[in-house]
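Student: Sequence:
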Amino acid sequence: MYKRRVMIFLTIMCLLVAVVIGRLVQLQLFRGDDYRQMADQALQSTKLLPAGRGKIMDRKGRLLAVDKPCFDLCLDYRFLTDNKKWVKRQKRTIKNDRGVSAEKAEEIYNILADNTWEIAKSRARLKNLDLGEVRKKISTRVQTYRKRVGMMVREELAMHPVVRGLSEADKNALASRLDETIGITLRPGHMRWYPYEAGGLGGEARGTSACHIIGLTGLVSAEHQIKRREQLEEMGLGKLERQRLEYSAWDTEGLGGVEKLAEPTLRGIRGFQRLKLGSDMLENANPKSGADVQLTIDIELQTALTNEMLARNITGS
17 MYKRRVMIFL TIMCLLVAVV IGRLVQLQLF RGDDYRQMAD QALQSTKLLP AGRGKIMDRK
77 GRLLAVDKPC FDLCLDYRFL TDNKKWVKRQ KRTIKNDRGV SAEKAEEIYN ILADNTWEIA
137 KSRARLKNLD LGEVRKKIST RVQTYRKRVG MMVREELAMH PVVRGLSEAD KNALASRLDE
197 TIGITLRPGH MRWYPYEAGG LGGEARGTSA CHIIGLTGLV SAEHQIKRRE QLEEMGLGKL
257 ERQRLEYSAW DTEGLGGVEK LAEPTLRGIR GFQRLKLGSD MLENANPKSG ADVQLTIDIE
317 LQTALTNEML ARNITGS
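Oh and the sequence shown: position 217 is 233 in the numbering used here, straight run, nothing missing.
Some hints here could point you the wrong way.
Claimed, not checked - With beta-carbon atoms standing in for the labels, derived distance ranges: (1) LEU31 x SER155: 52 to 60 Å; (2) SER237 x ARG114: 38 to 46 Å; (3) LYS152 x ASP308: 32 to 40 Å.
Stated by the list, open to error - Lysine to any residue pairs mimicking SDA-like chemistry, simulated, CA-CA at most 20 Å apart: (4) LYS137 x SER155; (5) LYS153 x MET168; (6) LYS107 x GLU122; (7) LYS243 x THR160; (8) LYS276 x SER305.
Keep in mind that the hints were calculated from the coordinates and are not lab data.
All values derive from a computational prediction rather than experimental measurement.
Think of the CB as a built atom: it goes at the ideal place given N, C-alpha and C, for glycine as much as any other residue.
Modelling step: build the complete structure from the supplied sequences, incorporating the hints.
Tutor: Below, the structure written as structure tokens:
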């Protein structure tokens, strides 16, 4: 009886070992390349690089609209929305990295979070921004996008600009303070500049001549973001190519005039960096700025006519 039980046990063990060996052979011979590729991808990260918008010029090549480099103060969406899981993970990281108790880690997190809000609020005030309103708009836009798509979107894991158009001096002033913050970063960006708007050239008021023709830009709407994504999916592009071409929640688009009419021409293509764990560069593609658009108007003549009409109190209405 005992020998029979031993034989049954050994038979079962042999069968289990055979199944495991068979599975290993299958994975190695038939799906080895697939799993090696998945393992490699798990050790990689892709960083998207912003692309500049094309210039708008008059018939003589004078700049009417152009991107100027700047820096954007960005906050993590999970910090903005006080995501409980994210906050808990940050506290655990502080606890492990600094070798402190859970209570001390929570205290440190609260200090870092307060510092982050203090920096963001002070910079927002300098730009005459209501940070609470900015926060609300970001959350609403991302949640609208998520509901329309029906799944989690990458914007929920991303940094969002809350204060745009910071100068190099602003960046240098803030850089040393970022070590004592959490969920914040300074990111290179672009600010649309219209030289012939009032005060655009050296502080000299040149009037807003042709502003209705040139137009303006603003944050992309959730509807346009979704429409663009659907168009790219129908084209059958890969994930990375779609990400380089699609709108993100913090992108701008033309809202009127030539800025809107020439949106497909003016909009650039993001670059990317594919990095391996340890920051080794695997692949790199530079951003491609949008194409320029040249109009038939003469802005100097347009400005002179506009100023003359204003001087004579002629409104055109």
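Student: With reference to the structure, classify each hint as holding or not holding.
Tutor: Do the hints match the structure? See the list:
1. At roughly 56 Å, the beta carbons of LEU31 and SER155 sit within the given window of 52 to 60 Å.
2. As the Cβ distance of SER237 to ARG114 is approximately 43 Å, the hint placing it in 38 to 46 Å holds.
3. Range check, LYS152 to ASP308: Cβ separation about 36 Å, and the 32 to 40 Å hint holds.
4. Distance hint between LYS137 and SER155 is fulfilled; the C-alpha atoms sit about 17 Å from each other, no more than 20 Å.
5. Annotation: proposed proximity of LYS153 to MET168 holds, straight-line Cα distance about 18 Å (limit 20 Å).
6. A distance of roughly 6 Å separates the Cα atoms of LYS107 and GLU122; the hinted pair therefore holds under the 20 Å criterion.
7. A distance of roughly 13 Å separates the Cα atoms of LYS243 and THR160; the hinted pair therefore holds under the 20 Å criterion.
8. With a C-alpha separation of about 17 Å, the suggested pair LYS276 and SER305 falls inside the 20 Å cut-off, and the hint holds.
In this structure, none of the earlier numbered hints is contradicted; all agree with it.
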